[in-house]
Each structure stands twice: as C-alpha cells, then as structure tokens.
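Undergrad: In case you want the letters, here they are:
There are 2 protein chains.
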Amino acid sequence: MRIIVDAMGGDNAPQEIIKGCIQALETLNVHIILVGQQEVIHKELKKYTYPKEKVEIRHASQVITNDDIPTKVIKEKKDASMVVGFKMLKEKEGDAFVSAGNTGALLSGALLKVGRIKGVHRPALTPIFPTEKGCAILVDAGANTHCRPENFLQFGIMGSTYMEKVEAIKNPSVGLVNVGTEAGKGTDLTKEAFSLLKNAHINFFGNIESREIPVGNIHVIVCDGFVGNVILKLMEGMGLTFYSEIKKIFTKNPITYLSALLVKKGLKSFKKKMDYREHGGAPLLGIDGAVIKAHGSSNALSIYYTILQAQKFVDTGVIEEIRQNMTQEAKANEY
Amino acid sequence: MRIIVDAMGGDNAPQEIIKGCIQALETLNVHIILVGQQEVIHKELKKYTYPKEKVEIRHASQVITNDDIPTKVIKEKKDASMVVGFKMLKEKEGDAFVSAGNTGALLSGALLKVGRIKGVHRPALTPIFPTEKGCAILVDAGANTHCRPENFLQFGIMGSTYMEKVEAIKNPSVGLVNVGTEAGKGTDLTKEAFSLLKNAHINFFGNIESREIPVGNIHVIVCDGFVGNVILKLMEGMGLTFYSEIKKIFTKNPITYLSALLVKKGLKSFKKKMDYREHGGAPLLGIDGAVIKAHGSSNALSIYYTILQAQKFVDTGVIEEIRQNMTQEAKANEY
Numbered sequence: 001m002r003i004i005v006d007a008m009g010g011d012n013a014p015q016e017i018i019k020g021c022i023q024a025l026e027t028l029n030v031h032i033i034l035v036g037q038q039e040v041i042h043k044e045l046k047k048y049t050y051p052k053e054k055v056e057i058r059h060a061s062q063v064i065t066n067d068d069i070p071t072k073v074i075k076e077k078k079d080a081s082m083v084v085g086f087k088m089l090k091e092k093e094g095d096a097f098v099s100a101g102n103t104g105a106l107l108s109g110a111l112l113k114v115g116r117i118k119g120v121h122r123p124a125l126t127p128i129f130p131t132e133k134g135c136a137i138l139v140d141a142g143a144n145t146h147c148r149p150e151n152f153l154q155f156g157i158m159g160s161t162y163m164e165k166v167e168a169i170k171n172p173s174v175g176l177v178n179v180g181t182e183a184g185k186g187t188d189l190t191k192e193a194f195s196l197l198k199n200a201h202i203n204f205f206g207n208i209e210s211r212e213i214p215v216g217n218i219h220v221i222v223c224d225g226f227v228g229n230v231i232l233k234l235m236e237g238m239g240l241t242f243y244s245e246i247k248k249i250f251t252k253n254p255i256t257y258l259s260a261l262l263v264k265k266g267l268k269s270f271k272k273k274m275d276y277r278e279h280g281g282a283p284l285l286g287i288d289g290a291v292i293k294a295h296g297s298s299n300a301l302s303i304y305y306t307i308l309q310a311q312k313f314v315d316t317g318v319i320e321e322i323r324q325n326m327t328q329e330a331k332a333n334e335y
Numbered sequence: 001m002r003i004i005v006d007a008m009g010g011d012n013a014p015q016e017i018i019k020g021c022i023q024a025l026e027t028l029n030v031h032i033i034l035v036g037q038q039e040v041i042h043k044e045l046k047k048y049t050y051p052k053e054k055v056e057i058r059h060a061s062q063v064i065t066n067d068d069i070p071t072k073v074i075k076e077k078k079d080a081s082m083v084v085g086f087k088m089l090k091e092k093e094g095d096a097f098v099s100a101g102n103t104g105a106l107l108s109g110a111l112l113k114v115g116r117i118k119g120v121h122r123p124a125l126t127p128i129f130p131t132e133k134g135c136a137i138l139v140d141a142g143a144n145t146h147c148r149p150e151n152f153l154q155f156g157i158m159g160s161t162y163m164e165k166v167e168a169i170k171n172p173s174v175g176l177v178n179v180g181t182e183a184g185k186g187t188d189l190t191k192e193a194f195s196l197l198k199n200a201h202i203n204f205f206g207n208i209e210s211r212e213i214p215v216g217n218i219h220v221i222v223c224d225g226f227v228g229n230v231i232l233k234l235m236e237g238m239g240l241t242f243y244s245e246i247k248k249i250f251t252k253n254p255i256t257y258l259s260a261l262l263v264k265k266g267l268k269s270f271k272k273k274m275d276y277r278e279h280g281g282a283p284l285l286g287i288d289g290a291v292i293k294a295h296g297s298s299n300a301l302s303i304y305y306t307i308l309q310a311q312k313f314v315d316t317g318v319i320e321e322i323r324q325n326m327t328q329e330a331k332a333n334e335y
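Residue numbers (my numbering), protein chains in the order written: chain D, 1 to 335; chain G, 1 to 335.
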C-alpha cells in the first residue's frame with residue numbers, strides 16, 4: 001500500500017511528520033510518498049536509516065500555512081504539497097493521503113481535487129476519540145456549520161460504516177446529539193433528522209445528551225459541524241485541565257511524589273487509554289478517496305497512528321462500503 | 001430576606017430540599033417560605049430543630065413532575081408548588097424563588113407569571129460552573145435553542161452583570177463560543193453577534209474555542225441554548241468519567257489505596273474545587289424577579305448553596321443593574 005504524506009503540513013512539519021513516517025516503515029507494510037520541498041525532506045531523511053526502496057519524494061515547491069484562506073489557496077498555490085498530494089491521490093499514484101496541514105484547505109482541496117462519493121451531499125470531518133469503553137467517531141466536527149436533516153442521515157450512515165469496518169465494532173450504535181433524549185426534543189432540524197435516522201439501515205439509538213459521549217455506549221456521535229467542533233475542543237480542554245490538576249496534586253511534595261510512584265502503572269494506562277493520538281486522525285468521510293487529517297500539533301507518534309489508520313481505512317474498503325450504503329439508502333427513499 | 005423554596009421540585013424532594021433549607025437557616029440570615037403539600041412538609045420539618053419563626057409553609061396541593069409538558073402544566077396545574085411560588089414572587093411575598101423542579105416548566109412559568117425585565121428579549125438559563133481559575137457563567141444553557149444576534153448581545157450584558165455583582169469579578173471577560181478565534185469565523189449568526197458584542201459596554205474578549213472554557217480566563221460564556229446545553233452536559237459527563245477512572249486507579253489494591261491516602265488532601269481539595277454545587281444553581285437571567293433553578297438531582301448541600309446564591313443575587317441588586325444596562329444599551333443603539 002502506498003501512503004501519500006504531506007511533509008510540509010502541521011505545526012511540527014517537516015521534522016515530526018518525517019520521523020512518524022520512518023516509525024511507520026519499521027512496523028507497517030507500507031510505501032511512503034513524501035510530498036514537499038525536496039531539499040528540506042532530503043535533509044530530514046538523512047537523519048535516519050530506513051528501507052530506501054519504500055520511500056519516495058515528490059517535489060512540491062509551495063507550502064500552505066494556517067493563515068492561508070482555504071478556498072483561495074487551493075486554487076492559487078497550485079504547487080503546494082497539499083494540492084500535489086490531492087492530485088496524486090486522484091490519479092491513484094497512492095492509496096491514501098495524510099496531512100496535518102490547514103484543516104479548511106484540506107476540506108476545500110479534497111472536495112475540489114478529489115470529489116465526493118456519488119450520493120454524498122456533504123463530506124464530514126470525523127475524528128475518532130477515546131471513551132471509557134473504547135472509542136467513538138464524531139460526525140461532523142467542523143466541515144459543515146450549517147446542516148440539513150439529510151446531512152445528519154448521511155453522517156449516521158458514514159460514521160456507522162467507518163466504525164464497523166475500521167474499528168471492527170459490530171452494529172455500532174448511532175446517537176443524535178440533542179438537548180434531551182425524548183423523540184420530540186430539540187430544534188426542527190434535529191426532529192427531522194431524528195425521523196430520517198430512525199428509518200435508516202443503521203443501529204440508531206436515538207437522541208443523546210452530551211454527557212453520554214465520554215461514557216462510550218454510543219459509537220457514532222451525529223451533530224452539525226458547529227456543535228461537533230465545540231464537543232471536540234471541549235473534550236480536549238477538559239482533558240488538559242484534569243491532567244494539569246492531577247499533576248499539581250502529585251507534584252506537591254515528596255509524599256505526593258511517592259504516592260504517584262505507587263499508582264504509576266494505573267496513571268500510565270489511564271493516560272494511554274485517554275490518548276487521542278492512538279486512534280489516529282480525522283478521516284474526511286464522504287470524499288471519494290482516503291484522506292485523513294492528522295492533528296495540527298501532531299508529533300511523530302500521531303503521524304505513525306494516522307498512517308496505521310489510513311492503512312486500515314484502505315484495507316477495509318470503507319469508501320466502497322459507503323458508496324454501496326448510499327445507493328441502498330437512496331433506493332430505499334425512492335419507494 | 002425571604003426566600004421562597006419549591007419544596008416539591010427535584011429528584012430528591014421534599015427530603016433533601018427541606019434538609020438544605022434547615023442548613024441554610026443555621027448560617028444565613030434568611031427567612032424560608034416552603035411551598036408545597038402542607039402535610040408532607042410538616043412531616044419532614046418535624047425531623048429537625050430550627051428557629052420556627054424563620055420558616056413559613058404555604059400550602060399548594062399540586063406537584064409538577066418532569067413528565068409534565070412545560071407550557072401546558074403552568075396553565076393547568078394552577079395550585080402547583082411552582083406556580084404558587086411564582087405568584088408569591090410576583091406579589092413580593094418573597095425576594096427570591098428557588099426550585100429544583102422541571103426546567104422547562106420553570107422557564108415557562110417565570111415568563112408567564114413573573115415576566116421579563118423591560119428591554120430583555122429572551123431570558124436565559126445561566127448555570128455557574130467551576131473552572132481552573134475560579135468560575136464562569138454559561139449564557140444560555142438551554143432556554144433558547146434558536147437565537148438572533150441581539151440575544152447574544154443581551155446574554156453578554158446579563159452574564160457580565162451577574163459575574164460582576166454576585167461573584168465580585170471586576171470587568172469580567174466575555175467570550176463568544178465559536179469554531180475558531182478569528183473575527184470572521186463561524187456562521188452568519190456568530191458573525192453578527194460578534195460585531196454587536198464588540199461594540200457593547202462590556203469587556204468582550206472575542207471569539208473563543210470551547211477548549212478555553214475549563215481554563216477559566218473567560219468569565220462569561222455566550223452561546224445559543226443548544227450549544228450551551230451541549231457544553232454543560234459534556235462538562236458534567238467528562239467530570240464523571242474522569243472521577244470514575246481515577247477511582248479505579250486508586251481502588252485497585254492495597255498499594256494503590258495507600259497511594260490515595262498520601263494524596264487524600266489534594267484529591268479532596270480538587271474535588272471541592274470542581275464541585276458544581278458550591279456555585280449554586282442556574283439563575284434565570286432576564287426575568288424580572290430572582291428565580292434560581294437548582295439542579296434536578298440536588299441534595300441538601302446543593303440547596304444550601306442555591307439559597308446562598310439567591311441571597312447574594314438579591315443583595316447585590318443584579319436585576320436592577322441589568323435593567324439599567326438594558327436601558328443604557330438600548331439608548332446607545334438608538335444613536
């Protein structure tokens with residue numbers, strides 16, 4: 001399998017991106033195509049020993065930054081690593097594309113350069129995050145701040161497909177984020193979305209309140225991109241606050257240090273369990289190609305896991321399955 | 001000061017409600033008027049010794065449950081404890097009204113029976129919650145799932161007034177929840193709200209991402225009631241998940257128990273710091289009377305703190321200040 005990696009995207013590019021690729025080469029059966037400024041990539045690669053035949057460099061002279069305006073930059077910086085990466089994916093020079101760059105540009109670029117799966121109205125940005133019982137997918141986390149009920153239906157189907165295929169969860173449970181659990185709760189939008197999801201070929205649990213999200217009984221969290229963005233970032237923020245408070249407790253004096261030593265194993269496994277990175281990045285579900293957004297602040301480990309995720313994504317045929325489910329759902333709605 | 005308390009509202013009514021009132025009488029200089037079924041209240045009160053002259057009972061034969069339809073029940077159950085409580089507040093038989101009952105009914109009842117402060121378009125449900133640096137107010141947490149930009153402006157002003165008066169925070173910082181921090185981010189609604197808030201007589205920080213909320217640099221969190229409800233419940237859920245995971249770590253074996261003993265003080269003060277109850281309930285800001293919603297699952301301690309909050313609310317003249325700020329803002333927008 002050939003994974004195209006944007007060597008220039010993200011806060012820690014190119015160093016951590018390339019380091020993560022090298023780690024991936026050590027354990028995964030993948031070829032990596034690094035896209036970006038040749039000299040910069042060469043210089044980084046020199047730091048490592050790795051199977052040369054498994055790495056390719058594709059030169060791209062320009063770089064998209066976080067200050068660039070998404071829709072504009074995709075058209076203007078034609079030789080940006082991200083744009084070149086998309087073209088390569090479209091032309092099947094690689095099986096998946098991973099980038100930690102400008103999220104808006106990645107969304108615009110994927111739509112413009114790769115396109116949607118037939119039948120999908122709105123692709124979504126769908127991060128996977130840890131829960132008490134495993135993990136869940138958030139559809140949508142920010143690609144669509146305004147949604148129509150049909151979008152929610154497709155979010156449910158796409159998220160369900162991902163969790164079933166990539167995370168191997170049988171019959172994943174789908175929940176619609178709302179202000180209450182009763183069927184009649186919420187806005188006109190959520191009410192209509194509810195009835196569409198209820199009749200879809202998915203395991204629809206119903207409305208959920210956000211307090212259920214971290215518990216983990218629901219595997220697919222459906223909401224519009226505004227609400228999803230708030231959920232994702234609040235979970236991150238709460239996590240950071242908790243860690244910082246716990247750290248304060250344990251680093252107060254020699255006795256608390258001793259206490260930390262006694263629960264070291266438990267703390268470590270808790271931290272590991274709650275580590276976002278191990279679940280990889282956020283796929284752009286609905287795009288007719290495997291595009292995975294790695295976190296902007298990705299380090300080597302995040303990139304490693306995102307490449308692993310890209311590999312599973314391609315191996316399990318998520319896109320083909322979404323295509324089929326869309327056709328099936330469209331037919332069901334015709335009659 | 002006379003606090004009217006709905007003795008029949010909430011999951012633990014009347015026992016915990018009345019127990020909380022007794023606790024309040026021990027330390028606060030308040031009179032309590034308990035509204036509800038006389039016999040039930042009498043029976044509970046008999047359990048305690050307390051200054052009899054400071055407690056009054058107002059009989060109300062009916063009870064509003066969580067299954068009742070808010071707008072309907074306020075009109076139909078005319079002798080419900082909540083409805084009677086509102087009437088008493090309106091007729092100045094008491095200075096504030098505290099209830100842990102049906103939130104929707106409380107919102108409807110407050111609007112119908114007490115009314116809005118002149119100039120306020122939409123009252124809001126505004127819980128106070130702990131942050132790393134103290135506490136913050138969320139405006140709105142569910143009263144208005146649909147909002148117009150002017151509502152956000154008023155939310156900012158009302159929240160700011162509350163934090164300045166009741167929590168004694170000078171020049172509280174107001175943030176608009178959005179999907180990014182730049183001024184141009186978000187939906188048409190947030191963009192318009194941004195420009196209104198920017199020109200208001202408040203300390204407007206600008207757009208904030210939800211990861212900033214638990215940190216505590218922003219004291220007034222402005223958003224629509226749908227997003228606010230998601231934020232509030234997700235914070236609750238994350239807190240519960242985190243505690244349950246920490247508990248698992250410490251209760252694993254004798255050694256981890258020992259570890260817990262060594263950081264007992266730190267854990268306790270962390271728990272206290274993050275305890276929602278100490279900040280009281282959620283005022284209904286914009287209502288022309290002090291109405292405070294206690295959490296549905298309130299125990300005696302929550303009720304105690306909600307009564308304390310009601311006392312501060314009245315003492316500091318929040319409503320009069322909001323009235324003045326509304327007039328000032330309306331004038332400013334005329335020219």
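Worth flagging that the hints you see were computed from the coordinates, not collected in a lab.
Source: prediction; values computed, not measured.
By construction, the Cβ of each residue, glycine as well, lies at the ideal position given by its N, Cα and C atoms.
Certain hints may be false.
[Unchecked claim] Computed beta-carbon distance windows for the label pairs: (1) G:K52 with D:K268: 50 to 60 Å; (2) G:Y243 with D:I255: 52 to 62 Å; (3) G:Y243 with D:L28: 52 to 62 Å; (4) D:K272 with G:T49: 48 to 58 Å; (5) D:N171 with G:K47: 16 to 26 Å; (6) G:N333 with D:I69: 53 to 63 Å; (7) G:A332 with D:K72: 19 to 29 Å; (8) G:L301 with D:K252: 18 to 28 Å; (9) G:Y243 with D:N171: 22 to 32 Å; (10) D:P254 with G:L301: 45 to 55 Å; (11) G:K252 with D:N171: 25 to 35 Å.
Undergrad: If a hint holds in the structure, say so; if it doesn't, say that too.
TA: For each hint, the structure was consulted:
The supplied range of 50 to 60 Å is met by K52 of chain G and K268 of chain D, whose beta-carbon atoms lie about 58 Å from each other. As the Cβ distance of Y243 of chain G to I255 of chain D is approximately 22 Å, the hint placing it in 52 to 62 Å is violated. The hint said 52 to 62 Å for the Cβ distance between Y243 of chain G and L28 of chain D, and at roughly 37 Å that hint is violated. With their beta carbons about 54 Å apart, K272 of chain D and T49 of chain G fall inside the hinted range of 48 to 58 Å.
A C-beta distance of roughly 51 Å is found between N171 of chain D and K47 of chain G, which places it outside the suggested range of 16 to 26 Å. For the hinted restraint 53 to 63 Å between N333 of chain G and I69 of chain D, the CB-CB distance of approximately 32 Å leaves it violated. Checked against the hint of 19 to 29 Å, the pair A332 of chain G and K72 of chain D fails, with Cβ atoms roughly 37 Å apart. For the pair L301 of chain G and K252 of chain D, the beta carbons lie near 27 Å from each other, so the given range of 18 to 28 Å is met.
Restraint check, Y243 of chain G to N171 of chain D: a C-beta distance of roughly 30 Å satisfies the suggested window 22 to 32 Å. Distance hint check for P254 of chain D and L301 of chain G: the Cβ-Cβ separation is about 34 Å, which falls outside the suggested range of 45 to 55 Å. A beta carbon spacing of about 32 Å between K252 of chain G and N171 of chain D agrees with the range 25 to 35 Å that was offered as a hint.
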